[in-house]
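**Student:** Chains A and B, in that order, are what the protein sequence lines are. With this note's numbering, letter number 83 in the first sequence gets 83, and the count goes up by one each step, no holes. With this note's numbering, letter number 246 in the second sequence gets 958, and the count goes up by one each step, no holes.
Simulated from the structure, these hints should not be mistaken for laboratory data. Since no wrong hints were added, every one of them can be taken at face value.
Now the stretches of chain A that chain B is said to cover, found in silico as 3 or more residues with beta-carbon under 8 Å:
1. 38 to 48
2. 322 to 331
3. 364 to 372
4. 384 to 392
5. 410 to 421
6. 438 to 447
7. 459 to 469
In silico lysine-lysine, DSBU-like type, Cα no more than 35 Å apart, as pairs:
8. A:Lys533 x A:Lys426
9. B:Lys745 x B:Lys731
10. B:Lys991 x A:Lys31
11. B:Lys768 x B:Lys731
12. A:Lys598 x A:Lys533
13. A:Lys426 x B:Lys877
14. A:Lys598 x B:Lys877
15. A:Lys191 x B:Lys877
16. A:Lys297 x A:Lys132
17. A:Lys93 x A:Lys2
18. B:Lys877 x A:Lys492
19. A:Lys697 x A:Lys671
20. A:Lys492 x A:Lys426
21. A:Lys142 x B:Lys991
22. A:Lys426 x A:Lys540
23. A:Lys671 x A:Lys533
24. A:Lys437 x B:Lys877
25. A:Lys142 x A:Lys258
26. A:Lys670 x A:Lys712
27. A:Lys598 x A:Lys492
28. A:Lys2 x B:Lys991
29. B:Lys877 x A:Lys258
30. A:Lys179 x A:Lys258
31. A:Lys179 x A:Lys108
32. A:Lys426 x A:Lys581
33. B:Lys745 x B:Lys758
By construction, the Cβ of each residue, glycine as well, lies at the ideal position given by its N, Cα and C atoms.
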Amino acid sequence: MKLPIFWLNDYLDGGVTEAALEQACARWGLKPHVELADTLGMLLSFSGFHCDGIEGSGAEAVLELDVLSNRPDAQCVVGLAREVAAMLRVGFKEPPCGIEEIGEPVEKHVKMRVEDAELCPRYTARVIRGVKVQESPDWLKKRLAALGLIPRNNVVDITNFICFELNQPLHAFDLKKLKERTIVVRRARDKEPFRPLYGEIPPLTSETLMICDAERPVAAGGVIGGAGSEVDASTADILLEAAYFSPANTRRTSRRLKVSTDSSYRFERGIDQEAVDRASARAARLIVELAGGTLCKGILDSNPQPREPKSVTLRAERLRKVFGVDVPPAETARHLQAIGCEVLEQTPEAATVRIPSWRRGDLEREIDLIEEVARLHGYHHIPIETSMPARIPPRGNLEVVSDRMRDLLTGLGYFECVTDSLIDPKWPAPAVWAEAKPLALDPVSVMREDHSALRNSLLVSLMAVAKHNQDRRTGTGRYFECGKVFLPHQGKARPDERPVLGVLDEAGFATLADAVLRIGESLEVIDAHLKLKPLAEFGKPPAFLVAESACRLIRVREEEDGGRAEDAIGWLGVASADLCKAFDVKGAPAVAEIDLAKLASLPRGPRRYAPLPTQPAVGRDLAIVIDEAVTWGEVQSFASSYARNEPLRAAKEAPEFLSVYRGKQIGPGKKSLAFSVVYRAADRSLTDEEVNAAHEKFSAAVCERFEATVRK
Amino acid sequence: MSLLDELETLRAEAAAGLKAAADPAGLEAWRIKYIGTKGLLKAWMKRMGEVPKEDKPAFGQRMNALKDELTAAFEQAQAGTAAARPAAKASFDVTEPLPAGQRHEFGRRHPLTRTTEQLRDTLRALGFEVVEGPEVEDERHNFDDLNIPADHPSRDNWDTFFIAKDALLRSQTSTVQIRVMEQRSRTPPIRVIAPGRVYRPDTIDATHASTFHQVEGLYVDRNVSMADLKGTLQLMVEGLFGEGTRVRFRPSFFPFTEPSAEMDCSCPACAGEGCNVCKGIGWVELGGCGMVDPAVFEAVNRARGDNAYDPEVWSGFAFGFGIERLCMRRHGISDLRLFLENDLRFLRQT
Ligand SMILES: [Zn+2]
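Kindly produce the complete structure, drawing on both the sequences and the hints.
**Tutor:** What follows is the structure, encoded as structure tokens:
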């Protein structure tokens, strides 16, 4: 809302003065600026009307103010003048509304019928006869121009002026253009023809409230006038409409017709229902003054349910409790009176006030009055306190696990990314967590095609990050993200939101696997361990991974009955050539996606301490030549389970992988696996002979199990 | 005088000579005289022929022992003078890095994560628990129960992405206020923060994004006032920008708080003196806050079917801040798009 200071001064005793501004600044602990408008803008900013900018200087300055959506009454110069008067503690002057109704009775010249009082709670009409439509005087043109409006003729200019002066949109019809000099306020008939003053609108429906003459609609109520009934140079008799239209319906109509006007903007926020006739009188007075003519006697006024006066009680104790400041009762009363409240009763404990008609929209409850007193008293009075009792808040598992993952992965050289949840639906959709395509946004709310679907995997986003950084040669090629993926939920409108850890590593599979397998340790998982299991064991590997590399991260838990339970918690593998091509990513990065909720559900430490061994360990290496098809994992788990039944080897000391060799000396289809094992007795040092014998026995067992030979 | 006695004399002379040699040149002269290839010890060795056969082993041993002794003494003296003078040009280059590929490399948390953690740490210390809510919401949680009725202009401030009827991407983390309070497992007092993603249809440029992050705070107790709100936010900005940072409130409007305020803090770039970051004002806007509107408590009571949040008994404050905006202030970042682009040159810097 634009506020020209010279116009504002029309309603203030003595206008805005340096002296008044200085006193107000002193009350608010502020330093006045050199320019009057700057000081006024600052004061308004601190009372809830943020000043966005100022054009011009002195009394000619125009302030640009943000009027919050709960203050429709301040969408006009008079409304802001009330605020400034309250703030500066100067007198407020109502604009003159006195009229001389010397013409014939209005009923003689126009018939009016309101058929839908729900959508149009109040409708008034006055008639002015014999006007002369001409150019407006300078004072009027200057005021409209200051708001950026183009002056047209005196009658139209006056209706615009009242709209911005009193927040009452008006409409002037050329009375002779209304069939049978009749006004009917009713809903439109389906597809009833109507041409607005400008632009085009969709076909009307019965939800649209129309102002009609005896035959056809002449305006969309509160939104836009119609072509064919407007005031022009030949107009002599005017029907002046001043109404109150239902805010919700005006808003729906404005949206459906895709027309937003100064008028619809005000009606949808709610205007002062009680002041409709006063605004009409003020306009009629100006029309007679500037365009001549005779004002008919009386007003047609349909107002079947006038608002009952409203009073609200404000308790001093409640004010103190919410505001945190002790405001003396006299001050409370002064603040409330300054915004137009009438104090009906006041005790030291409470004040009961009548709400002014223009604030009926936002002052309904005690809390609304508390806000007004706080705002006008000033938020700078609020002390800085913290009386909260001390407390150690609990921490959620997911939060802890996500934190630990960030610690682990940044420690290992990975960079955390935050990527958009809205992705391009044209991206490939790897079925990491669900077969379904990513959820698409409703096309109506889409702003950009490439941000119109909800990701169902972090993998694609990380591929896009890899591509971005490869193009810029920024190095490392190690990325991760902790974020949500969105999976369609059978039979529910809202998807399943799964917290996921995604990792991408251009160094390849082994490096990423090494990192991922440290998760268990970094989380201090107890009674379970994490390992990789080839996907072949689960069925067909997914297409987005190179088939041989595809594997699942599983959690293995020893059951009480000695059995083992497995639970898949993530994926790992090398991105397929198709996926790399789709993102134009060079190399074949390894990727992993892990379900953070499942990680969070793992039993975590503190782990129990096991006493350190008292006896020394003796290590022995073993190299075996073995079929390619046998995995290290199989050898490892055999060695571990062997140890469980072997008194000389402690079960927890797992065999350690040393190296793998393939080559001419071994022959095709075979590989040489080297690893070391540890021998230890619980009660004594082992002799060489004992260790040698145990190792021989173990080597033979391994060779027998895997049809291997010991490599000398 | 036996040869052994003469040897003893030589030993004493040599020891005294070494003590007298104060500088490297003197030491070198001593070395040549006694233990050099043409020195006295070598000459003495040649006198082995003069020694009776039965004494030869003892003499040999004695000679060797003396040679070791003098050599050790010399080396010790040499080390002593070496320590006293500056080191010779080192072949050990301390600035030489490990070969590529062997260096320690560590990654970094995303700047948004670190700003969130900073907020979280401060607020945890004040007793706030971190909670989460869904990003895909229904209209009740995103609008109705937050006192943003349908067909009301206040909805204009919250344009929304829809997925389906009654499924939308939340436009503010305030939804979590409702989610937390309607949990039947909880009753007031409540003290939570909810960091998370929010979405609004907007053009994407340096200052606008359609996906961004907020942190919501909610405190409900018996006697919560705007003074507690100001005190909490004062501590929060000190945690973010350092001690001495100040806060101030300006009246504002949010449907779910009343009274409502915009919170400013003294400009972290100039400590409130005025600079081009704060456009000379000395203050920067950080976010919105206010006292929980009784209508929100009533909506929660309706959802719960009880009167656990009786507005006559309980009051509360709530605040919501854009994490990107705080992070930009902390690091002097001026382009929002950098956050979701994940350029490593950006991630390494911030
Ligand atoms: Zn500054």
